[in-house]
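*Asks:* Protein chains in written order, with our numbering: chain A, 42 to 147; chain B, 7 to 252; chain C, 2 to 141.
Calculated directly from the structure, the hints in this document are not laboratory data.
Please note that a few of the clues may not be correct.
Unchecked claim - Some residues of chain A that are not near chain C, with every Cβ distance over 10 Å (derived):
| hint | residue |
| --- | --- |
| 1 | Met-42 |
| 2 | Ser-71 |
| 3 | Thr-93 |
| 4 | Thr-98 |
| 5 | Ala-107 |
| 6 | Ser-117 |
| 7 | Val-118 |
| 8 | His-134 |
| 9 | Thr-137 |
| 10 | Leu-141 |
| 11 | Val-146 |
To be verified - Computed Cβ-Cβ distance ranges for the label pairs, DEER-style:
| hint | chain 1 | residue 1 | chain 2 | residue 2 | range |
| --- | --- | --- | --- | --- | --- |
| 12 | B | His-75 | A | Arg-84 | 27 to 33 Å |
| 13 | B | Arg-158 | C | Leu-41 | 27 to 33 Å |
| 14 | B | Arg-160 | A | His-134 | 44 to 50 Å |
| 15 | C | Arg-121 | B | His-75 | 31 to 37 Å |
| 16 | A | Lys-122 | C | Ala-26 | 28 to 34 Å |
The C-beta atom is built at its ideal place from N, Cα and C for all residues, glycine as well.
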Amino acid sequence: MVRVLINVPKQIHANEPFEVKVLISHPMESGQRRDQMGQAIPRDIINHFIATLDGETVLDADFFPAIAANPFLSFSVVAEKSGTLALTFVDDHGVTQTELTAITVT
Amino acid sequence: MKRLVLLAVAAMSLMGAGDRRSGYDDASADTRAMQDDDAANPAFLWVQQGESLWSAAEGAAGKSCADCHGDVSAMRGVAARYPAFEPKHGRPITLEERINLCRTDHMGAAAFAWNDDKLLSLSALIGLQSRGMPVAAKAQEPFLSEGAALFRERMGQLNLSCAQCHEERAGLKLAGSLIPQGHPNGYPEYRLEWQGMGSFYRRLRNCMIGVRAEPFAPDSREAADLALFLAVRANGMKVETPAVRP
Amino acid sequence: MTLPRRRFVLFAACVAVPPAGATPAEVAALIQALVGDAPLKDGLIHLDLPVMVENGNAVAMSVSVADPPSPVEAIHVFAEGNPLPRVAVFRFGPRSGAPRVATRMRLATSQTVIAIAKLRDGTCWRDSVDLLVTLAACIE
């Protein structure tokens, strides 16, 4: 389980796009680095990210080693009514993690 | 001794209030933007961990930080006055060392290693409570003068002193990178170079290895002297913890 | 050995030698495979990256398509000078508020980064930024 920080605006209005910001604590080991002994440190990254709102896709992203450590993502969402934003990411080991955030439409 | 005091005074006067630049001022617009937005500042991943650690009971005493200190907002102003003298160690100690003392003396918990993720998280959380406040470290002798002397002492195979880069050549470039004045007002900070969080000690260690010197131990008198000297040198500047630096 | 050796050590520690990796030709081939027969034009998509990068480990990048004539299905980002040519692919779904994303990427050396937007009407749009990296990311 990696730490995730999700920022959603306090005021969300129906059918008005709003920005969601996500920070994920992950080294995103590129596979390019070498350790003290000169051995290549194997690649170990989050390679897939998907955001859905009540099951409907918002953003579906493929990440490659060029995405920086502790990945940051900012994207636009539009909601008709209050619901649940689910952020799911998968790493190179196939481990999946999902974080849920309530979206409250005023 | 008098010469050391004069050295310290000279060191202070070289940095007139208007001449001081935070690492923030020297960073690129994008790096500054990363620091300015708490939602985009990776350091807040550590602050978040710090928040859960603050209220987690640990150690033989079964206490959490919150049990003694209450809400973390009570820590307002605390980080700003570190390093501070601690009679137990007979020298100034850093905030990280204070956290460890709390753990060993009041919680019955083991001290964290100097680069432990959890220690950085707590330090970042507590430091955040002082954000925006002026650095207010107490000028304690003989440590301050010792630190001033160390700042000017040539070290390592490259035979360079801190002052040669961070005072004489601050604002100039070292292989394309701007040399900052080296104020510790943002620690612990997220350094892009580290791709992670680090304390002032981590940076000091990097610098010393950079000039091919044997780095001072984290609990050494020298490290404490330098930490205090640099904090006092930055007195009045705003605490930026948790900062973002290149 | 005194000064000359010290100068060399300092210089060597600071020089970044780019590793063998992606090339502009490789990226062009990937883009060609992506675009196929569809028309590829400059414009519409905007790739925002700083021209001067002080540390290649984390560079703020954003891509956006303002007022697309047809919905944007995906945005692909490539780096011509990184060890690997691909950076990310962003696909926008029905709950997306706008075809724009901001993230942070790694840059191994000074190079050109290219973003391609594929629209539902079949058209493809391109933007690129040439950057100068003073402290590289992928070399340790």
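*Asks:* Hint by hint, where does the structure go against what was stated? Just the numbers, ascending.
*Replies:* 2, 3, 4, 5, 6, 7, 12, 13, 15, 16
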